[in-house]
Amino acid sequence: AQRVTQPEKLLSVFKGAPVELKCNYSYSGSPELFWYVQYSRQRLQLLLRHISRESIKGFTADLNKGETSFHLKKPFAQEEDSAMYYCALRPTSGTYKYIFGTGTRLKVLA
Amino acid sequence: NAGVTQTPKFRVLKTGQSMTLLCAQDMNHEYMYWYRQDPGMGLRLIHYSVGEGTTAKGEVPDGYNVSRLKKQNFLLGLESAAPSQTSVYFCASSYRGYNEQFFGPGTRLTVL
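First to last, the sequence lines map onto chains A and B. Residue numbers are given in the numbering used here: position 36 of the first sequence equals residue 36, and the series is strictly consecutive. Numbers in the numbering used here are just positions in the second sequence, counted from 1, shifted up by 1000.
Simulated from the structure, these hints should not be mistaken for lab results. There may be inaccurate statements among the hints.
Computed cross-link-like contacts, EDC-like style, restricted to lysine to aspartate or glutamate with a CA-CA straight-line distance of at most 16 Å [said to hold, decoys possible]: (1) K57/A x E20/A; (2) K97/A x E1059/B; (3) K97/A x E1100/B; (4) K22/A x E67/A; (5) K97/A x E67/A; (6) K107/A x E67/A; (7) K1070/B x E1059/B; (8) K9/A x D1038/B; (9) K97/A x E1030/B; (10) K107/A x E8/A; (11) K65/A x E8/A; (12) K107/A x E79/A.
Partial pick of chain B residues on the chain A-facing surface, computed with a CB cut under 7 Å [to be verified]: (13) G1042; (14) L1043; (15) L1045; (16) G1058; (17) D1062; (18) G1097; (19) F1103; (20) P1105.
One-sided excerpt, in silico: chain A residues whose CB lies under 8 Å from chain B [stated by the list, open to error]: (21) R43; (22) L47; (23) H50; (24) K97.
The beta carbon of each residue, even a glycine, is placed where N, CA and C say it ideally should be.
Can you make the complete structure from the sequences, with help from the hints?
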């Protein structure tokens, strides 16, 4: 079954500390992976996608096919990073049914 | 550009009542989606559309119907609301199925 797992509901870190938001997926083919973010009172928006291989707002994510993971990382957390983060998978078998994880709330403490 | 808009923002229904949620986008996107967001469940796809006049079932379609009569609008209908349909509903659109999805602000629906 296709699934996206985000094991942490809440992750609290201090400002300046490294952040890693975990995402594991279950899919037999080669998926496309995304991270979406929802800041307080804002819309859900795309943060980054694995095929772009870019760093957005200091965040990076590497697709590890061996471990079926797509963890989101940032070396130094900032207070404005506090938000809800969703990992999402789009199967590449011709369907457009995105599968979202349950989300992780990141709180960056001053 | 307004992007993706949703109407209404809030609604309270009694069990058995019906209602329609409207999603509109002004980005000329082909694909549109309806999700529901529940605590601990993340976003789950209800229905989606790959173009004007088309609709398809998502992960949790039961109890909902949709229509895409115009390219810019995607309607989500609840014929007989149930308390289990209490949720936050998000609409999204994308140019193609593999492009970035743009989300609306959400509609908070409570069914008593």
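Okay, the hints, checked on the actual structure:
no., hint, verdict
1, K57/A x E20/A, "14 Å, holds"
2, K97/A x E1059/B, "8 Å, holds"
3, K97/A x E1100/B, "13 Å, holds"
4, K22/A x E67/A, "12 Å, holds"
5, K97/A x E67/A, "23 Å, violated"
6, K107/A x E67/A, "26 Å, violated"
7, K1070/B x E1059/B, "24 Å, violated"
8, K9/A x D1038/B, "13 Å, holds"
9, K97/A x E1030/B, "15 Å, holds"
10, K107/A x E8/A, "12 Å, holds"
11, K65/A x E8/A, "21 Å, violated"
12, K107/A x E79/A, "8 Å, holds"
13, G1042, "4 Å, holds"
14, L1043, "4 Å, holds"
15, L1045, "6 Å, holds"
16, G1058, "6 Å, holds"
17, D1062, "16 Å, violated"
18, G1097, "3 Å, holds"
19, F1103, "4 Å, holds"
20, P1105, "6 Å, holds"
21, R43, "5 Å, holds"
22, L47, "10 Å, violated"
23, H50, "13 Å, violated"
24, K97, "6 Å, holds"
Checked against the numbered hints above, the structure violates hints 5, 6, 7, 11, 17, 22, 23; every other hint is satisfied.
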